[in-house]
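Colleague: The residues making up each chain are set out below.
There are 2 protein chains.
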Amino acid sequence: MTAVPISLTGVRELVDGALRAAVGRLDPCTYRVAAYHLGWTDEEGHPRTGPAGKALRPALALLSARAACAPPESALPGAVAVELTHAFSLLHDDIMDRDRTRRHRPSAWTIFGEPAAILAGDALLALAVEVLLEAPGQGSARATRALAVATRRLIAGQALDMEFETRGHISLDECVAMVSGKTAALLECSCSIGAVLDGAPDALPAALEAFGADLGIAFQLVDDLLGIWGDPATTGKPALSDVRSRKMSLPVVAALNNGGPEADRITDLYGRDDLSEDDLREVAALIEAAGGRAWAELEAESRIQRAAEHLVTARIPEPVRAEFLRVADFVTGRDH
Amino acid sequence: MTAVPISLTGVRELVDGALRAAVGRLDPCTYRVAAYHLGWTDEEGHPRTGPAGKALRPALALLSARAACAPPESALPGAVAVELTHAFSLLHDDIMDRDRTRRHRPSAWTIFGEPAAILAGDALLALAVEVLLEAPGQGSARATRALAVATRRLIAGQALDMEFETRGHISLDECVAMVSGKTAALLECSCSIGAVLDGAPDALPAALEAFGADLGIAFQLVDDLLGIWGDPATTGKPALSDVRSRKMSLPVVAALNNGGPEADRITDLYGRDDLSEDDLREVAALIEAAGGRAWAELEAESRIQRAAEHLVTARIPEPVRAEFLRVADFVTGRDH
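Here the protein sequences line up with chains A and B, keeping their order.
Residues 1 to 336 (this note's numbering) are what the first sequence spells out, left to right.
Residues 1 to 336 (this note's numbering) are what the second sequence spells out, left to right.
Worth flagging that the hints you see were computed from the coordinates, not collected in a lab.
One or more of the hints may lead you astray.
No distinction is drawn between identical chains; accordingly, a pair holds when it is met within one copy or between any pair of copies.
Claimed, not checked - Below, computed lysine to any residue pairings styled on SDA-like, alpha-carbon distance capped at 25 Å:
| hint | residue 1 | residue 2 |
| --- | --- | --- |
| 1 | LYS247 | THR267 |
| 2 | LYS237 | PRO261 |
| 3 | LYS247 | PRO28 |
| 4 | LYS247 | LEU311 |
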């Protein structure tokens with residue numbers, strides 16, 4: 001893997017102060033849960049210096065200010081707001097999906113209980129709005145409206161994902177629509193929020209959103225590929241983790257929609273209560289044989305290409321465009 | 001009981017169209033839960049024509065536009081936003097408090113499951129922001145910021161209320177602070193949001209907020225009194241319901257802080273697993289003997305007086321001031 005893009009190094013330092021100041025407004029009970037979830041404190045509330053997340057969304061927010069020739073700091077409220085919204089969604093998703101670990105630590109609801117975790121998520125969402133509306137200038141109301149719409153789409157994606165668990169057939173279009181909400185909506189908003197805050201003419205935020213939309217799908221495709229064929233040493237997740245949890249991810253849905261005997265066998269195995277390690281490996285092989293892996297790899301590549309094209313038509317300083325593409329390559333693992 | 005104030009009759013008709021249009025933006029899965037929770041549909045999603053809530057917050061929002069000499073319709077986005085925020089908080093509170101009924105129906109989480117109910121609450125909160133920011137004029141950003149702060153305070157109140165369940169002593173000030181967040185914050189916002197949307201000078205929203213703050217405490221005091229001494233035929237709740245659930249409501253906390261043998265006996269009985277109907281009646285008598293009932297009645301009266309005084313100093317058309325006071329009398333049961 002080559003070097004981390006410039007925009008991803010140092011973004012934590014730029015954003016962390018404002019993020020901590022925002023979360024510091026919460027009441028002590030809610031703060032405790034939020035600070036743990038954000039990785040700042042341990043279960044007892046003592047400061048902790050573990051590795052922080054890569055702050056992808058804040059990095060994109062700061063870059064999008066530079067796309068509008070504004071100083072990156074002008075997008076700080078936007079960077080904080082998208083990170084708070086991302087944190088809210090993970091906090092609630094862990095409760096809904098009964099996920100007991102998050103970034104190698106027990107998830108917040110397992111430590112503080114569901115009520116406190118629900119409440120902390122609510123607080124982070126409200127705080128995102130509060131912080132963003134404090135940004136100076138007319139752009140802040142527009143940016144907050146865009147964030148609220150992105151949040152509604154994110155929720156719709158999560159709702160669709162949960163609904164998928166209750167039914168038989170899922171079309172590939174439906175699965176892409178789910179990912180467009182659950183993964184891409186907030187990335188679209190992150191990619192454009194700095195330009196919106198700066199009051200840039202509509203064409204620029206629109207191009208940046210379009211970039212974020214395709215980037216989001218590519219990002220999820222790569223994540224889904226790693227969830228099946230990723231090396232546990234690199235991903236930090238157990239091998240075949242998405243097969244283990246019977247996740248209806250994009251490569252699986254693509255394979256099922258290709259039909260044939262492989263699809264029938266996948267459906268059969270996914271329906272069983274207990275799968276041996278051999279069964280898991282068989283499912284992965286079946287998905288590959290049914291074309292799910294090749295489709296996902298090609299589609300990720302094509303989405304990254306399309307994402308790049310959106311930036312060509314937009315009037316963005318060349319170094320900023322190059323940096324957006326470096327981030328895209330980095331998060332989709334194309335830089336090694 | 002005398003007639004319902006003019007501002008509370010017909011408010012449903014005024015607000016319902018805009019409220020339904022807003023909720024109609026949600027994805028079908030989330031819509032189903034929200035529409036059930038709002039009383040529009042039954043468990044199967046069929047339209048339902050049961051009694052709707054009294055729409056207190058929307059009524060106050062519309063009145064607050066009239067306080068600024070603006071047409072009530074100008075506060076429609078504010079009325080919708082405070083009602084959505086109220087609905088969000090009830091939806092999540094029911095999950096957190098394990099309340100299985102809401103307005104004589106099974107609460108949403110018992111029908112659709114916790115994940116769907118969490119998600120629907122999130123969606124209503126995001127939708128409140130989206131709708132309010134669509135209001136024309138500069139006031140909408142200020143109003144949305146006020147709503148976000150009110151939501152943070154509401155959450156802090158709920159967090160404090162949950163924390164009360166885990167500890168011994170609660171001071172009366174702490175209990176009032178909890179109610180200021182959990183009950184009063186959104187009422188404050190409702191009382192001022194129409195004036196804020198209209199761009200009224202700060203003094204007017206400030207006076208209306210102060211009115212709402214005292215009204216909110218009075219409202220909760222009356223609710224707490226009914227939770228212990230209310231007639232089930234009028235309240236629709238079982239007799240002594242707050243004693244049954246060991247609620248640390250204002251009259252109870254006042255009684256406990258007065259000390260003496262009654263306080264010790266209340267603490268003893270509240271700590272037991274099973275209380276007979278005789279025990280429940282004894283607790284109610286002890287709260288009264290320790291002065292909890294008299295304090296709450298006097299304090300409610302004094303808060304309503306203070307609320308009224310805030311409106312005297314503000315420049316509000318006389319009929320609107322009178323109507324605010326009628327609503328206050330109505331919701332605190334002083335009009336019979």
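Colleague: Checking an output row: LYS247 and THR267, CA cutoff 25 Å. Within, between, both or neither?
Modeller: For LYS247 and THR267, the Cα distance is within 25 Å only inside one copy (12 Å; across copies 50 Å).
Colleague: Please sort LYS247 with PRO28 into within, between, both or neither, judging by C-alpha distance up to 25 Å.
Modeller: For LYS247 and PRO28, only the inter-copy Cα distance (22 Å) is at most 25 Å; the intra-copy one is 37 Å.
Colleague: With identical chains, the pair LYS237 and PRO261 could be close in the same copy or across copies; at 25 Å between alpha carbons, which is it: within, between, both, or neither?
Modeller: The answer is neither: 30 Å in one copy and 59 Å across copies each exceed 25 Å.
Colleague: Give the relationship of LYS247 and LEU311 under a CA distance limit of 25 Å: within one copy only, between copies only, both, or neither.
Modeller: neither (33 Å within a copy, 58 Å between copies)
Hint compliance for this structure: hints 2, 4 are not met, and every other hint is.
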